[in-house]
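*Asks:* If you want the building blocks of each chain, they are given just below.
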Amino acid sequence: MKEEAYPTVARLTPEELARQKSRSRALGLVLGALVILFFVVTIAKLGGSVFNREL
Amino acid sequence: MSLATDSLISDGSVADATPPLVSKATAKDYYELLKPRVMQLVIFTALVGMMTAHEPINPVIGFASILAIAIGAGASGCLNMWYDATIDSLMERTAKRPIPSGAVAPGEALAFGMTLSVGSVLFLGLISNWYAAAFLAFTIFFYVVVYTMWLKHWTVQNIVIGGAAGAFPPMIGYMAVTGSMNIETLLQFLIIFIWTPPHFWALALVKSKDYARAGVPMLPVVAGGIETRRQILLYSLVLMPVGMSPSLFGYVGPVYLVISTLFGAVMIGLAYDLFRKREGEPARKASYRLFGVSILYLFVLFVALLVEEVVPVLAWRNFG
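These protein sequences, in sequence, are chains A and B.
Numbering-wise, our numbering puts 185 at position 21 of the first sequence, and it's gapless, one number per residue.
Numbering-wise, our numbering puts 1147 at position 254 of the second sequence, and it's gapless, one number per residue.
None of these hints come from the bench; they were simulated from the model.
Among the clues, some could well be false.
[Said to hold, decoys possible] Here are a few chain B residues that face chain A, going by a calculated C-beta distance under 10 Å:
id : residue
1  : 918
2  : 960
3  : 1020
4  : 1189
[What the hints assert, rightly or not] Computed far set for chain B versus chain A, every beta-carbon distance over 10 Å:
id : residue
5  : 921
6  : 949
7  : 1158
Quantities reported herein were computed from a predicted structural model and do not represent experimental measurements.
Beta carbons are placed, not taken as given, at the ideal position from N, Cα and C, and that holds for glycine.
All chains should be modelled from the sequences, with the hints used to inform the complete structure.
*Replies:* Rendered as structure tokens:
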């Protein structure tokens, strides 16, 4: 049976892995901070009106 | 191959045709793309502009507005680095920036800068008002397109006109609170605008070979050291009354007037010293001294403005 040619998979060096980890950690922190920021800003903008809706 | 060399072609241009399979950037490289030291100045001057408004603003909204303005400034710095990566690689001062050093691929920087530009403008519009957001968008456009892509490579007046981009933040800060303009923030704009040429030219005098190699028509490259020194002295003479103007117009009090007069005189003194010292080590030291003190000048003046805005009992209007 003829062997199929697969695309080359990048093998990361330990340094590249460390850099990737640093990027992922920073991105996670930024996304978390954005969630908190958007929540706090929404409350600040709407104030008491945030609860003023029909249930 | 080291990170410092593998993205550069032998003539110094940046190779973006074959970006690396896996990004080599760390979080710090992305942070560096935002020109953090310029961002500090933007945050500070925007805060002073905001305090000038004398209108109540929710601290959360105020903080978020300053953040949006800072991110917008960072985004324009990132796009500036993306466009100028080739000439950055030719200059000693900028060769270690994330793109010429090979840490960040040009395409990554472009995507990062564009995302932050759009995000910061939308965010400022949603939390404060769309006038401030439009002004922020114009500032990013002015810095990236008018200054970086056009003026910087075309005219000797590049940093004179382009300096407006760095002078807009106090006006955006004020606009974020009020949705309008006033004379006081216009004076703050003028202080930064007139301060920019002597500040940059003092550094350009020392780095003129770098700029010449990169083909950037900075004043020392085009008109020579003597004319640059004359222009620095002239701008410093104009800067003194402009720096004092918030007090002269009655917006802030005597403390600011004394500080701005004192530091304005120091700037003129150092500019005159640089005008006299034209060669060798004394000239180099005089350039660096003026460059360093000019940063202190702007910082001290805006601290004084902030103090007078926060402690309004010091202002003239309370004596009237």
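*Asks:* Check each numbered hint against the structure and report the violated ones by number, ascending.
*Replies:* Violated hints (numbers, rising): 4, 5; every other hint is consistent with the structure.
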